[in-house]
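Colleague: Sequence:
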Amino acid sequence: MNEIILIKLGELVLKGLNRRSFEDKLQANIHRRLHTFGQFRVYTRQSATYVEPKDDSCDVLGAYEALKNVFGIAGLSLARPCEKDKDAILATVKEFLGDQLSRAHTFKVETKRADKTFPMTSIQLSQYVGGLLDDAYENLQVDVHNPEFTVHVEVRDYAAYVHADAEPGAGGLPVGINGRAVSLLSGGIDSPVSSYMIAKRGVALDMVHFFSYPYTSPEAKDKVLELARLLTAYTGRLTVHVVPFTAIQEELRRSCPEELFTIVMRRFMMRISQEVAKRCGAKALVTGECLGQVASQTMEAMMVTGGVVELPVLRPVVGMDKEEIVQIARKIGTYDTSILPYEDCCTVFTPRHPRLRPTLAEVERAEAKLDIDAMVQAAVDGIERVQVQ
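Numbering (the numbering used here) for the sequence shown: 7 to 395.
Simulated from the structure, these hints should not be mistaken for lab results. Treat the hints with caution; some may be incorrect.
[Said to hold, decoys possible] Taking lysine to any residue and the SDA-like style, the derived pairs with C-alpha atoms no more than 20 angstroms apart in a straight line are: (1) 118 to 84; (2) 206 to 245; (3) 14 to 52.
[As the list claims (entries may be wrong)] Derived DEER-like restraints, expressed as beta-carbon distance ranges: (4) 106 to 23: 51 to 61 angstroms; (5) 164 to 67: 17 to 27 angstroms; (6) 63 to 141: 35 to 45 angstroms; (7) 127 to 147: 18 to 28 angstroms; (8) 152 to 23: 34 to 44 angstroms; (9) 143 to 298: 20 to 30 angstroms; (10) 225 to 94: 53 to 63 angstroms; (11) 97 to 164: 16 to 26 angstroms.
These numbers come from a predicted model, not from an experiment. Positions of the beta carbon are idealized from the N, C-alpha and C atoms, including for glycine.
Start from the sequences and build out the full structure, keeping to the hints where you can.
Modeller: Next comes the structure, spelled out in structure tokens:
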């Protein structure tokens, strides 16, 4: 029989009456992720999800690698199904895991018997298979406490399954189960990590990027689109809303006190992002702000910038230090792109002495002479929407 992919569901099994909706969303996400690898049957039974190829043309190994990045999957194994018979199980272990057994020195067999009609207990089946494997492989010794290799046998509703240790999945919740948000994506390290972390909690994303040509180059825009493309391994297809931001920044340079420039600029970013959210049905904004990292990320500054919108502002990395964020960026593959030396709009017209603890009253005074609605509308009308997958 062909190999299948056996998926463990993690925290999804803790859900109550709405558990089925989580499982359905995960299955739909799996189908979308695997369409380039062939046709698969995906179904859930007894707290496990099965991904079975419908024919021999399916790329099972490619599908297995892709599923490692799908949120909602706690662990996964490449498994070989067989008849629910002790000798068929033994033969499958030898055929499917023989190469790994021949290289190991110590091993054990772990059995889970979800089908209670199977005539042997879990311990009995483990002892039977393990004893005959010990006889068949001269290099092997049984070690039930700290084995070099573990043979897993699962006796379930439709078949028995043989596999090695499960590999960790991406964890979290299926993307889309917790609604949609708009994430502000710069070219730096923090915002891709922030987007990844909120997607892990089941949030589907649209991305907003602020582009200030000619102060920022086309290469800087391409860098951000590449960051979005890298994130699609976890989020699925993304729409990047590229906002023309030059006119707003030039007007702020002319009209606003220099020390408040960054705060006022970020308030415009939040206003525009909220308009994008309204258009795409998003219920929150996501930023890569980290408390105290730069002048615009003090508690006072975040209160002033976030206070301009009605939607909740989610800040997944707000309490992390930079090294923690970098570690995640390396893990998800965005770090090397984030550090490419292309400027982003936040570095344009940077004040020499930015206000660390701005008050709402002074910022509103600085904005009083601006036609805020017209400036926001012009930026929204000029948005370029780029599909990334």
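Colleague: Now tell me if each hint is right for this structure.
Modeller: Here's how the hints hold up against the structure:
For the proposed pair residue 118 and residue 84, the alpha carbon gap of about 16 angstroms is at most 20 angstroms, so the pair holds. Using a Cα cut-off of 20 angstroms, the hinted pair residue 206 and residue 245 holds, with the two alpha carbons roughly 18 angstroms apart. Proximity of residue 14 to residue 52 is assessed by CA-CA distance (about 10 angstroms); at most 20 angstroms being required, the pair is judged to hold. Judged by the Cβ atoms, the range 51 to 61 angstroms given for residue 106 and residue 23 is violated: they are separated by roughly 41 angstroms.
Between residue 164 and residue 67 the C-beta distance comes to about 23 angstroms, which sits within the given range of 17 to 27 angstroms. Residue 63 and residue 141 have their C-beta atoms about 39 angstroms apart, which keeps the hinted 35 to 45 angstroms range intact. The given range of 18 to 28 angstroms is respected by residue 127 and residue 147, whose C-beta atoms sit roughly 24 angstroms from each other. Between residue 152 and residue 23 the C-beta distance comes to about 41 angstroms, which sits within the given range of 34 to 44 angstroms.
A hinted range of 20 to 30 angstroms for the beta carbons of residue 143 and residue 298 is inconsistent with their spacing of about 58 angstroms. Our hint of 53 to 63 angstroms for residue 225 and residue 94 holds, since their Cβ atoms are close to 59 angstroms apart. Distance hint check: the CB atoms of residue 97 and residue 164 are about 18 angstroms apart, consistent with the given range 16 to 26 angstroms.
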